[in-house]
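K.L.:
Listed below, chain by chain, are the residues.
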Amino acid sequence: MFMEKNLHNDPLDEYVRKSFDEYEDLPPDNMWARVTNAMEEEEERKPFIVLWWQQLNRRLLTVAATALILVTVLAGRYWYSTPLSTTAVLPVCREAVPAPGNGAVDRENIVPVPNNAPVAAPISAQKAVSSQSRTPVTPPIAPISAGLWSAVASSGTAKAEDLAQVAPAVTAPSPATSPAAVIEKQPETEVVSSVFSENTALTAQKTPELPLLPGVSMSALPALAPPFPVSEPIIRPLAVKGHWYLAVAVARWSVKDHESSVRPGPVARRWAGRMERSAPSTEVSVRLGRTLNQRWGIESGIGYRSMVRSSVHAPRFRFLDGIARPGNTEYDFNYNLDTYGGSTEVILRMETDNASLPPTEVVSARVRTRETIDMLRFPLLVTWQARSGRWDATLKAGVSAQYILRSSVEISQRESTSNRFRVGQYSAITCTGTQPFFLGYQASAGCRYCLSPRLSVLVEPSVGGDFTRKTAQKTPLPGLLTVGAFLGVRVEI
Amino acid sequence: MYIPDIQSCIKGNRQAQQQFFDQFKGKMFALCQRYARNREDAEDILQEGFVRVFRDLHQYNGSGPLEGWVRRVFVHAALQHLQKKKKQPEVVELFDYDAPDDVDPFVMDEPPAKQMTQMLQRLPDGFRTVFNLHVLEGYSHPEIAEILGISVGTSKSQLLRAKAYFKKLLENSLQS
Numbered sequence: 001m002f003m004e005k006n007l008h009n010d011p012l013d014e015y016v017r018k019s020f021d022e023y024e025d026l027p028p029d030n031m032w033a034r035v036t037n038a039m040e041e042e043e044e045r046k047p048f049i050v051l052w053w054q055q056l057n058r059r060l061l062t063v064a065a066t067a068l069i070l071v072t073v074l075a076g077r078y079w080y081s082t083p084l085s086t087t088a089v090l091p092v093c094r095e096a097v098p099a100p101g102n103g104a105v106d107r108e109n110i111v112p113v114p115n116n117a118p119v120a121a122p123i124s125a126q127k128a129v130s131s132q133s134r135t136p137v138t139p140p141i142a143p144i145s146a147g148l149w150s151a152v153a154s155s156g157t158a159k160a161e162d163l164a165q166v167a168p169a170v171t172a173p174s175p176a177t178s179p180a181a182v183i184e185k186q187p188e189t190e191v192v193s194s195v196f197s198e199n200t201a202l203t204a205q206k207t208p209e210l211p212l213l214p215g216v217s218m219s220a221l222p223a224l225a226p227p228f229p230v231s232e233p234i235i236r237p238l239a240v241k242g243h244w245y246l247a248v249a250v251a252r253w254s255v256k257d258h259e260s261s262v263r264p265g266p267v268a269r270r271w272a273g274r275m276e277r278s279a280p281s282t283e284v285s286v287r288l289g290r291t292l293n294q295r296w297g298i299e300s301g302i303g304y305r306s307m308v309r310s311s312v313h314a315p316r317f318r319f320l321d322g323i324a325r326p327g328n329t330e331y332d333f334n335y336n337l338d339t340y341g342g343s344t345e346v347i348l349r350m351e352t353d354n355a356s357l358p359p360t361e362v363v364s365a366r367v368r369t370r371e372t373i374d375m376l377r378f379p380l381l382v383t384w385q386a387r388s389g390r391w392d393a394t395l396k397a398g399v400s401a402q403y404i405l406r407s408s409v410e411i412s413q414r415e416s417t418s419n420r421f422r423v424g425q426y427s428a429i430t431c432t433g434t435q436p437f438f439l440g441y442q443a444s445a446g447c448r449y450c451l452s453p454r455l456s457v458l459v460e461p462s463v464g465g466d467f468t469r470k471t472a473q474k475t476p477l478p479g480l481l482t483v484g485a486f487l488g489v490r491v492e493i
Numbered sequence: 001m002y003i004p005d006i007q008s009c010i011k012g013n014r015q016a017q018q019q020f021f022d023q024f025k026g027k028m029f030a031l032c033q034r035y036a037r038n039r040e041d042a043e044d045i046l047q048e049g050f051v052r053v054f055r056d057l058h059q060y061n062g063s064g065p066l067e068g069w070v071r072r073v074f075v076h077a078a079l080q081h082l083q084k085k086k087k088q089p090e091v092v093e094l095f096d097y098d099a100p101d102d103v104d105p106f107v108m109d110e111p112p113a114k115q116m117t118q119m120l121q122r123l124p125d126g127f128r129t130v131f132n133l134h135v136l137e138g139y140s141h142p143e144i145a146e147i148l149g150i151s152v153g154t155s156k157s158q159l160l161r162a163k164a165y166f167k168k169l170l171e172n173s174l175q176s
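Chains D and L supply the protein sequences, listed in that same order.
Residue numbers for the first sequence follow the numbering used here, so the first one is 1 and each next one is one higher.
Residue numbers for the second sequence follow the numbering used here, so the first one is 1 and each next one is one higher.
Note that these hints are calculated values from the structure, not bench results.
Don't take every hint at face value.
The calculated lysine to any residue pairs, modelled on SDA-like cross-linking and capped at a C-alpha distance of 20 Å, are [what the hints assert, rightly or not]:
no.: 1; chain 1: L; residue 1: K84; chain 2: L; residue 2: N38
no.: 2; chain 1: L; residue 1: K114; chain 2: D; residue 2: E24
no.: 3; chain 1: L; residue 1: K168; chain 2: D; residue 2: P11
no.: 4; chain 1: L; residue 1: K156; chain 2: L; residue 2: P142
no.: 5; chain 1: L; residue 1: K27; chain 2: D; residue 2: S285
no.: 6; chain 1: L; residue 1: K11; chain 2: L; residue 2: N61
no.: 7; chain 1: L; residue 1: K163; chain 2: D; residue 2: P11
no.: 8; chain 1: L; residue 1: K84; chain 2: L; residue 2: K156
no.: 9; chain 1: L; residue 1: K27; chain 2: D; residue 2: L26
no.: 10; chain 1: L; residue 1: K156; chain 2: D; residue 2: L12
no.: 11; chain 1: D; residue 1: K18; chain 2: L; residue 2: E67
no.: 12; chain 1: L; residue 1: K85; chain 2: D; residue 2: A314
The structure presented is a predicted model; accordingly, all values stated were derived computationally and were not measured.
The task is simple: from the sequences and hints, build the whole structure.
P.N.:
Shown next, in the form of structure tokens:
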């Protein structure tokens with residue numbers, strides 16, 4: 001404490017404090033420009049999810065919304081127009097009682113099973129029902145249960161025990177009109193279609209109009225049916241053998257630049273800093289795939305991606321590194337900049353009024369470049385899928401061949417950070433693209449929802465990147481890591 | 001007298017932000033130079049400081065003078081810049097560093113603050129940081145210890161050594 005008091009009363013402290021009181025020193029003129037640039041760069045550094053949404057323009061949103069509506073409408077039409085006969089025959093037919101002697105199926109004893117009935121009811125139970133049904137029962141006039149209505153509406157006929165449950169009170173039976181008797185008297189039925197899923201079995205029979213109740217015919221059922229929806233059977237493509245499919249997908253990628261090294265240039269120079277940033281890019285892809293079995297498959301296709309990258313860098317030179325222009329007021333400083341499209345040579349022209357500057361005078365600038373890249377991607381992926389109801393979980397991984405169709409670089413902004421130099425009117429940047437063809441990788445984990453046996457929509461969050469690329473001088477070129485999601489439609493061929 | 005339009009600055013109005021910048025640039029650049037090793041570093045700190053000021057200006061609640069708040073932001077920006085340069089501000093032990101006997105004379109027609117800024121820039125980072133925080137910003141040793149992550153004893157010893165070093169520089173300058 002004593003020491004601290006002494007320190008604060010030190011005359012040196014007072015002298016220094018007074019000297020600095022109200023003292024100001026003006027920064028360089030370009031400082032405000034540097035601050036604004038830094039603020040813009042910081043805004044660009046926002047979390048990529050925020051940036052991703054901010055940079056989605058209205059046109060893209062309109063296209064996406066239109067596509068979604070179109071897909072929904074088409075899928076709905078396709079779904080409801082798909083006949084049920086595309087599905088398989090039910091195992092419930094095994095419960096038909098074989099005819100004595102020849103072992104053939106006694107079709108008269110085939111009992112239609114309602115939608116909510118268990119798949120394998122014991123035959124003994126059916127026989128018991130059959131024996132009970134011979135007992136005369138009062139035709140049911142009481143309110144009919146919802147489950148029975150579902151069964152009747154979806155199958156066109158009903159099981160005897162269900163009918164028996166409707167009216168437990170047994171009075172004044174009429175053998176000729178009892179439901180069981182009616183069923184037993186039915187002519188030979190024909191199985192026309194059936195639908196199978198993990199927990200639902202349904203047999204639909206083509207029958208003549210079935211007088212379920214006295215005075216009530218099948219044609220009157222719709223009018224009597226309660227106004228609640230009858231559950232639809234789950235429709236799944238049953239083919240487990242290999243088949244082809246075609247998919248169209250759109251992806252929005254957030255791009256993260258790898259750290260790129262500084263490439264030695266023809267002149268002695270050093271970097272004060274370098275930052276590269278890529279804007280989110282859009283990719284449209286068409287894929288063709290083949291399922292090899294129920295789980296595995298392969299997929300390939302072609303995708304087109306458009307991408308914009310910006311690079312902010314601050315090269316520094318010594319004054320003697322410059323090439324004097326006529327008049328000795330302008331000097332050209334050359335350096336190499338590695339861009340995604342390849343090597344780029346930059347000529348930066350600086351102006352000074354003083355040609356007699358010391359050769360060690362630092363010439364520094366801040367340059368922002370904008371690179372536009374159009375590329376094609378050819379993925380080759382191994383796929384794995386697992387099914388549950390209408391949903392498929394899908395995993396994909398593989399390599400991707402990438403080809404740069406077009407790469408152009410331009411200087412979007414440049415400013416001097418030296419007090420004795422100004423940027424000249426001229427600057428040039430020449431992109432000498434190298435390695436237009438290179439390899440990358442891609443992996444995704446997504447899901448697919450089956451709208452119909454042939455049509456499904458897919459969402460696939462994906463990650464991709466480039467394998468290391470090197471220039472002719474064995475220095476690494478910038479690489480990208482992309483994170484995004486595919487949204488698309490798939491059609492089974 | 002200029003009254004900064006803080007709301008416009010928060011909203012990102014570049015014109016208002018430039019007026020704000022013009023108001024504080026001189027004092028803050030002087031502050032940055034005291035903490036930095038050279039003018040280039042001071043420019044970097046000034047740039048970073050203003051970016052932080054505009055980013056965090058909504059946190060200023062008006063309870064104290066605006067200049068004091070801006071000053072604190074710049075001090076923290078300067079300290080972080082030094083940490084970036086070297087993971088931690090250099091802590092020079094007493095026996096590690098002796099004041100130089102020969103010091104280049106300073107030009108006497110410059111204002112004393114400018115000369116002293118140049119002298120401060122000659123101090124090792126640890127000396128300079130503690131000296132600035134204690135003498136010019138008024139932080140106590142426990143506060144400095146907390147800010148820099150050093151012990152209170154180290155802070156005190158750094159300050160003593162910095163003052164001795166600084167005095168030596170000042171005397172040599174006056175003699176020449």
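K.L.:
Hint by hint, note whether the structure agrees.
P.N.:
Comparing the hints with the structure gives:
The hinted pair formed by K84 (chain L) and N38 (chain L) meets the criterion: a straight-line CA distance of about 15 Å does not exceed 20 Å. About 9 Å separates the Cα atoms of K114 (chain L) and E24 (chain D), which keeps this hinted pair within 20 Å; it holds. At most 20 Å may separate the alpha-carbon atoms for a hinted pair to count; K168 (chain L) and P11 (chain D) meet this at roughly 15 Å. Pair hint K156 (chain L) plus P142 (chain L) holds up; C-alpha atoms about 10 Å apart against a cutoff of 20 Å.
For the given pair, K27 (chain L) sits about 56 Å from S285 (chain D) by alpha-carbon distance, which is inconsistent with the 20 Å threshold. At most 20 Å may separate the alpha-carbon atoms for a hinted pair to count; K11 (chain L) and N61 (chain L) meet this at roughly 16 Å. As the CA atoms of K163 (chain L) and P11 (chain D) are separated by approximately 11 Å, the hinted pair is consistent with the 20 Å bound. Straight-line distance between C-alpha atoms of K84 (chain L) and K156 (chain L) comes to about 24 Å, which puts the hinted pair past the 20 Å bound.
The straight-line distance between the Cα atoms of K27 (chain L) and L26 (chain D) is roughly 8 Å, inside the 20 Å bound, and the hint therefore holds. Proximity of K156 (chain L) to L12 (chain D) is assessed by CA-CA distance (about 16 Å); at most 20 Å being required, the pair is judged to hold. With a CA separation close to 18 Å, the supplied pair K18 (chain D) and E67 (chain L) stays within the 20 Å bound. As the CA atoms of K85 (chain L) and A314 (chain D) are separated by approximately 17 Å, the hinted pair is consistent with the 20 Å bound.
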